[in-house]
Every structure is written in C-alpha cells, then in structure tokens.
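Here the protein sequences line up with chains A and B, keeping their order.
Note that my numbering numbers the first sequence so that position 256 is 256, with each residue one more than the last.
Note that my numbering numbers the second sequence so that position 375 is 375, with each residue one more than the last.
These aren't lab readings, by the way, just hints derived from the structure by calculation.
Quick caveat, the model's predicted, so the values are computed rather than measured.
Misleading hints may appear alongside valid ones.
The list makes no distinction among identical chains, and a pair is therefore deemed to hold if it is satisfied within one copy or across any two copies.
Derived EDC-like pairs (lysine to aspartate or glutamate); straight-line CA-CA distance at most 20 angstroms [unchecked claim]:
id	residue 1	residue 2
1	Lys103	Glu268
2	Lys103	Asp2
3	Lys358	Glu384
4	Lys119	Glu134
5	Lys182	Asp223
6	Lys358	Asp382
7	Lys116	Asp43
8	Lys182	Glu362
9	Lys103	Glu384
10	Lys254	Asp43
2 protein chains.
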Amino acid sequence: MDARIVGWGHTPFGRLDDTLEELITKAAREALEHAGVEARDVDAIYLGHYNGGLVPDGFAASLALQVDDDLRFTPATRVENACASGSAAVYQGRNAIRAGVAKTVLVIGVEKMTAKDTKGVTEALMTASYQAEEGGVSFPQVFGRFANAYFQKYGNQSEALAHIAAKNHANAIKNPLAQMQKDVGFEFCNTVSERNPLVAAPLRLTDCSLISDGAAALVMVSDDMAQGFERAVRFRAGVQVNDFLPMSRRDLLKFEGPALAFARAYEEAGVSVGDLDFAEVHDCFTIAELLVYEAMGLTAQGQGARAVSDGVVYADGATPVNLSGGLKAKGHPVGATGVSMHAMTAAQVTGEAGLMQKSGAELGCVFNMGGSGVANYCSILDAEKTT
Amino acid sequence: MDARIVGWGHTPFGRLDDTLEELITKAAREALEHAGVEARDVDAIYLGHYNGGLVPDGFAASLALQVDDDLRFTPATRVENACASGSAAVYQGRNAIRAGVAKTVLVIGVEKMTAKDTKGVTEALMTASYQAEEGGVSFPQVFGRFANAYFQKYGNQSEALAHIAAKNHANAIKNPLAQMQKDVGFEFCNTVSERNPLVAAPLRLTDCSLISDGAAALVMVSDDMAQGFERAVRFRAGVQVNDFLPMSRRDLLKFEGPALAFARAYEEAGVSVGDLDFAEVHDCFTIAELLVYEAMGLTAQGQGARAVSDGVVYADGATPVNLSGGLKAKGHPVGATGVSMHAMTAAQVTGEAGLMQKSGAELGCVFNMGGSGVANYCSILDAEKTT
Numbered sequence: 001m002d003a004r005i006v007g008w009g010h011t012p013f014g015r016l017d018d019t020l021e022e023l024i025t026k027a028a029r030e031a032l033e034h035a036g037v038e039a040r041d042v043d044a045i046y047l048g049h050y051n052g053g054l055v056p057d058g059f060a061a062s063l064a065l066q067v068d069d070d071l072r073f074t075p076a077t078r079v080e081n082a083c084a085s086g087s088a089a090v091y092q093g094r095n096a097i098r099a100g101v102a103k104t105v106l107v108i109g110v111e112k113m114t115a116k117d118t119k120g121v122t123e124a125l126m127t128a129s130y131q132a133e134e135g136g137v138s139f140p141q142v143f144g145r146f147a148n149a150y151f152q153k154y155g156n157q158s159e160a161l162a163h164i165a166a167k168n169h170a171n172a173i174k175n176p177l178a179q180m181q182k183d184v185g186f187e188f189c190n191t192v193s194e195r196n197p198l199v200a201a202p203l204r205l206t207d208c209s210l211i212s213d214g215a216a217a218l219v220m221v222s223d224d225m226a227q228g229f230e231r232a233v234r235f236r237a238g239v240q241v242n243d244f245l246p247m248s249r250r251d252l253l254k255f256e257g258p259a260l261a262f263a264r265a266y267e268e269a270g271v272s273v274g275d276l277d278f279a280e281v282h283d284c285f286t287i288a289e290l291l292v293y294e295a296m297g298l299t300a301q302g303q304g305a306r307a308v309s310d311g312v313v314y315a316d317g318a319t320p321v322n323l324s325g326g327l328k329a330k331g332h333p334v335g336a337t338g339v340s341m342h343a344m345t346a347a348q349v350t351g352e353a354g355l356m357q358k359s360g361a362e363l364g365c366v367f368n369m370g371g372s373g374v375a376n377y378c379s380i381l382d383a384e385k386t387t
Numbered sequence: 001m002d003a004r005i006v007g008w009g010h011t012p013f014g015r016l017d018d019t020l021e022e023l024i025t026k027a028a029r030e031a032l033e034h035a036g037v038e039a040r041d042v043d044a045i046y047l048g049h050y051n052g053g054l055v056p057d058g059f060a061a062s063l064a065l066q067v068d069d070d071l072r073f074t075p076a077t078r079v080e081n082a083c084a085s086g087s088a089a090v091y092q093g094r095n096a097i098r099a100g101v102a103k104t105v106l107v108i109g110v111e112k113m114t115a116k117d118t119k120g121v122t123e124a125l126m127t128a129s130y131q132a133e134e135g136g137v138s139f140p141q142v143f144g145r146f147a148n149a150y151f152q153k154y155g156n157q158s159e160a161l162a163h164i165a166a167k168n169h170a171n172a173i174k175n176p177l178a179q180m181q182k183d184v185g186f187e188f189c190n191t192v193s194e195r196n197p198l199v200a201a202p203l204r205l206t207d208c209s210l211i212s213d214g215a216a217a218l219v220m221v222s223d224d225m226a227q228g229f230e231r232a233v234r235f236r237a238g239v240q241v242n243d244f245l246p247m248s249r250r251d252l253l254k255f256e257g258p259a260l261a262f263a264r265a266y267e268e269a270g271v272s273v274g275d276l277d278f279a280e281v282h283d284c285f286t287i288a289e290l291l292v293y294e295a296m297g298l299t300a301q302g303q304g305a306r307a308v309s310d311g312v313v314y315a316d317g318a319t320p321v322n323l324s325g326g327l328k329a330k331g332h333p334v335g336a337t338g339v340s341m342h343a344m345t346a347a348q349v350t351g352e353a354g355l356m357q358k359s360g361a362e363l364g365c366v367f368n369m370g371g372s373g374v375a376n377y378c379s380i381l382d383a384e385k386t387t
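Between the sequences and the hints, there should be enough to build the whole structure, so can you do that?
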C-alpha cells in the first residue's frame, strides 16, 4: 500500500491579510475540492508549520479542524523540521497511509511571516541554527559562510548566483501564485547597488529568498482507491536524510546530506538524474541552488556554475530547475514550502501547471531542505494513469 | 507488522542543570542501552517537543543526532501536539514501523521549562490555546473554567480534587524519578493557605501540575524482530482523536474527545475499562483527572468523585491511576510527558516498575492530552512473551 496525491490547493504567496487559520482553511478547502474529497472522509491531518515565534499560535494542528465542521475528532498532528516542515508533513501523511491507519490524508503546510518585521523574521529563523555554537548567526550569514568557503576553493561564483536568481525570477512570471512576478534581469542581480545591497557578503539581496505568508495543501489516498480519482500522482521515491545540526560537524564545501538523499532517491526510483524532466529544489539562497546542482549530480563538485552556463537548468534546458520561480521568486513561507513543491511537481506531471507547464513532463523531483543541508527530503514523482 | 517497545530511558524530572541537548542525550542513550540496541541500527528518530518559546532551540529534531556519531544521516522528525507532543512522537514512530519504512525507531520526548521564570512558562503554554478567542487566558484559567462549569452543575468537588492531588503525591514517593517525592497530605491540598493559594479559582496550587525539565525515550522495533529482545511491549490499541481548539466549540462539562479516544481504544483492544490493571492519565490539573475518570468510564458523568471516594483509583484499588505520581507529582515537562507515560506503563506490564510495581499488572492504559481535551491519545499496552 502506498499513497497517491489526488488533489492540491495553494494560496498566493506574498504579504497577505489572512491569518494563519485563514491560510490553512483556504489551501485545505481548495485541495479537498480539487481532489473531489469530502471533509468527512479525511482520516488524518498532518500540518507542516515552523512558527519559531512568528505567530502566537503555538498549537496549530487542531486549527486545521476549523477547515470544516466534519473534521471534528480527526487526528491532526503538527510536524516540524525547520524549512522542510512541509515535506515532513507530506512524509508523515504518506506513512499513515502506508501503515494502513488512514486511507485519506489531508496535508497542509503553512507559515505567516509578515506579522513580524524583517528583523523579527530573521530572529525567528535564526533559532533553526545550533544555538550552542551559532546563536546570533543569521541564515544569510550561514549561507554566506557556505558561499565564502566555496568561492575560496573554486573561485568567485557571483555571476553564476546572479544567473540563478534571474532565472528563477524569469520563471515566476508564469506562476500566478508567485510573490514576485517580475523579471528583474541578470544585470540587476549581478550588481551591488542601493536597491541590491550585500546582505551577508558575498550574498546580495537578490541572492536571498523572500519573506512570505502562504499555505499549500495536498490530499493523498491509498493506491487501492486511486482509480476513482481524476489524477493520482505516485511517489517513485521519498527519502529523508538528516545531518548533524552544528556547522562545525559538516563540510561547508558540499551538501553531504542532500547528496545522500538524492542518491538514495534515484536508487529507490531506479532512475538517474538524466531521467528527470524537471526539479523543484530548495533555493533559500542562490548558493544553496548551486550546491544542490552538485548534490543532485547535474555537475561535478566545484562545477555547479556549469549547470547555468550550459543552460541545462533553464526552462528550455534538459532539466529545468524551479519552473515555479522557486523560493527566490515564488516565495518561501517556510512551513508551506515543501507542500508547495510537491503540489507544483504534481501539477507538472499531470499536465496541470498552466503557463509553467513543461511539455511532456512525466518525471519530477522535489528537494526540500531544513537548515543548511540538515533536514533533507528528496521525492521523485510521476503520474499514474488512472481512469 | 506492528511496533513493540523493547527499551526505555527516563531522566529525573525537576529543575535540572541539563540543557535541552543534554536531556535528549541522557534519555536516548539510556533507552538504547536498556533495549540493547546500537545507535547505528536506528532507522528513524521522532522527537516530541513543545517549545513554544521555552528555549531558543527552534530546530530540535536534528539535535537528537548529537546522541551518537552513528546517528548521522538518520531521518529525524519533530512532532508537536501541545502537551501530547510526546505521544505524537510515539504514534509517528509506530506508524513508521507499520509502514515498513523503519525496523528500529528511537522516540524521544523532551522539554526544558525552568530556563524561564514561572510567568514565562505560563506565557509559553498560553500559546496552546485558541488565540483568536482565548489569547491571554492562562492554562490554570482554562481548567478553572472547566472546574467552575462542573461545580455549578454537579456541586463543589474541591475535596475530591484535593484527594486526587494527595493520591498522586503519595504515589510519587515510590517513583525515584519524580520531581516531588513528598507526601503532602489531603489536609494541605484541601486548604487554601499562603502556601497553597488559589491559582485560578476554584483551583489551588496543589490542583496544578509542576513546571519541569526532563526527557524520556523509547526504542521500538518491528514485531518480527521482537524475539531477540529481553522484553517486547505490545500496542493492544493506539487511538488519536483531535477536537476543535476553541473552547467555545466544546462542552465544558465533559471531555468528549478523550471519551471517544477511550471508547475506540477499548474497542480496538477488545477490552473494557474493568480489564485495565492500571492507567497513567493526564492530570495537568486535578479537575482533568476527575473528568478523565468519567471519559474512561470509571464512573458516570457528574460522578467522577466516586472513583476517589470508592478507592478504585488508589494504588491498592481495582484500577490505580497514576502510580508514577502523574503530572501532579512526577512532573510535567510537556514534550516528555507522553513518552514518559508510555515508558512507565511499559515498565509496569513487564514487571520493571520497582517500588511503583503493581503486582501482576498485565494490561495498562495511557491517556495523554494536549490542551483541554483537544489532542487526545489513548494507548493500551501489554507485554508479549518473547524469549
């Protein structure tokens, strides 16, 4: 028995008026409607949500029961793995189905970040580092350290990073749910200026993902029920790998945990990187996307920039990365991100991605990450033919 | 395939010098040793942890990898359901085994509460209420409302509540890990005094559980491996029921979600309340234990006090409740509590409960609750004969 994704919902990402509860409700109702599932048929709910002090709602799982009166008495559980909390919820939902304890599962990812000012958000996210050694180090600074280590060994990659930012912004123009639907251009991203300052050298503002509100949701059912649904997206692989939290215990030149997650996922699915039609990967910072190119095997170590210069990862390349605009331009409401990635990927493989659609896309990859390569989730999805 | 509990660990509960990481490490290492399991054989880790601002560690799942170098790359996930976060971790760990994605699972529950002063703890726990309607209402006040509603309908139960407090304190004398190993006596609990003030009328200080640091851990394996272990505790039932978060949507005269959880657990196990040899239940406030007597069917609605006056729930009664001392006297490090309850219950059914041991105890019940009957977990455990 395994889970199939049969529907999804997705609020716009951005600075929204909605409360946490309203975001949950909008995404969940849309997912249930898209799947054609009634709330009373939901056996379990999993909520991916980071919080970290961003909102005062400290017990969010049962907030999901506010979606529909018929959800009363449904088991609801919050899961958290920093910026991979959304995928954590997807994976626990899948486990519930594989365990035979649920036939129909509602997965919701949500974050409300703009209730705080930028400093408050930076502080809330900072708690996802190893406090004993890295207390007070912001996430731009964490990834700035990765970038510095990489630049020192392999040379300055600022241009490649600017190309990554520009690519994801260009892609987001075709995503009506993206926070920034604006082609900012390579030159702007590549130039330090008043409007594009260094945030944590060598990372510029355009190297950083956005601060966002938003929610995404999935409905999953057990595969023996899949025939009854309009679509049924299959997990060809789903691999979770956690790494040590302290940066001092990890190699800053490469993403070891992510690389292992990809390798295991390819093995589980019986595919190689060349078989992927596209990937949605965790570009919390452009240096992260570059390191993911290497972790996923698109290039050798130290040569991530080639994925951009060769054009492989562009929308018209062999393996487009972040057709949705990624965290960079779609936005990054941290608890929602992993669920959004699974929804965007499911939409591609079922041909429902609208303007973002890659023609003939059949096999897609999700890579969602908590911290700097600490909680790593790699899924490979395809669409099973049903009715 | 199902999970068996093959070992456990448990720090003392109380005001401890240990950090969150040290608490995790102590309980986890003890559990691995008790089970006779090597860290390298652990397939997945689940961490039950509330946090809510109590400590700055916002990404605690991967802290569990600090327990042993061999845990590197092991999937680790934090789960949260307020004061039932520990049981949430137990249930997700069990799901991972039932899903066939893990053979050996390490479950840890942990909380560090004394890093804050009492006001800070009260505020951190307050976020587990429905903020839109109950923001600023403390948990003693929440349960004070339940007590007031109950007293208004069924008469003043202050004496019964004092008997519950005194019972749990008396039981804790036999628990070397309990925070308060002191028989405070019925008279003290029943008298409002300078040392036992009203915290939220009609609840007195002795009607409230303790503010605690602590951790507990379990090792679970799939049942096909159970023969190789010294002990293997079986889930005869494991039921989760969530209820609406807002108090305005629930009946304050009874615990509806908990009652449903018990009813389903009895059905799943094929037992009735009379078959239970003992129970560890969620006495965050004495009024909660009284309402649980009714939810579990020890008495009819409105007659919970009879369970005390008839002596049923005392250590020498037919169905002893909280032989460990309960949250009231053992302590209540919120994320640890559910794991601790499962560990204490497992110890009883395997005859390893030391001075707390009820002679011949074979079938035990755990009831762990997040909020005021919102996230409800009911487990029924017995010991499978192995070697």
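**OP:** Give the relationship of lysine 103 and glutamate 268 under a CA distance limit of 20 angstroms: within one copy only, between copies only, both, or neither.
**Re:** between (23 angstroms within a copy, 18 angstroms between copies)
Subject >> Up to 20 angstroms CA-CA - aspartate 43 versus lysine 116, copy category >> reply: neither (34 angstroms within a copy, 38 angstroms between copies)
**OP:** At 20 angstroms max between alpha carbons, let me know whether lysine 358 reaches aspartate 382 within a copy, between copies, both or neither.
**Re:** Within one copy only: 14 angstroms inside, 54 angstroms across.
Original post:
Are the CA atoms of lysine 103 and aspartate 2 at most 20 angstroms apart within a copy, between copies, both, or neither?
Top reply: Answer is both: 10 angstroms inside a copy and 18 angstroms across each meet the 20 angstroms cutoff.
Original post:
Is it within a copy, between copies, both, or neither that the alpha carbon of lysine 119 lies no farther than 20 angstroms from that of glutamate 134?
Top reply: within (17 angstroms within a copy, 27 angstroms between copies)
Original post:
For lysine 182 vs aspartate 223, is the C-alpha pair at or below 20 angstroms within one copy, between two copies, both, or neither?
Top reply: neither (40 angstroms within a copy, 55 angstroms between copies)
Subject >> Homomeric proximity label, lysine 103 with glutamate 384: Cα distance no greater than 20 angstroms >> reply: The answer is within: 18 angstroms in one copy meets 20 angstroms, while 29 angstroms across copies does not.
Original post:
Between the shortest in-copy and the shortest cross-copy C-alpha distance, which are at most 20 angstroms for lysine 358 and glutamate 384: within, between, both, or neither?
Top reply: within (18 angstroms within a copy, 55 angstroms between copies)
Subject >> Within, between, both or neither: lysine 182, glutamate 362 at alpha-carbon 20 angstroms >> reply: neither (28 angstroms within a copy, 66 angstroms between copies)
Original post:
Taking 20 angstroms as the upper bound on the Cα-Cα distance, should lysine 254 and aspartate 43 be classified as within, between, both, or neither?
Top reply: neither (41 angstroms within a copy, 24 angstroms between copies)
Of the numbered hints given earlier, the model fails hints 5, 7, 8 and 10; all others are met.
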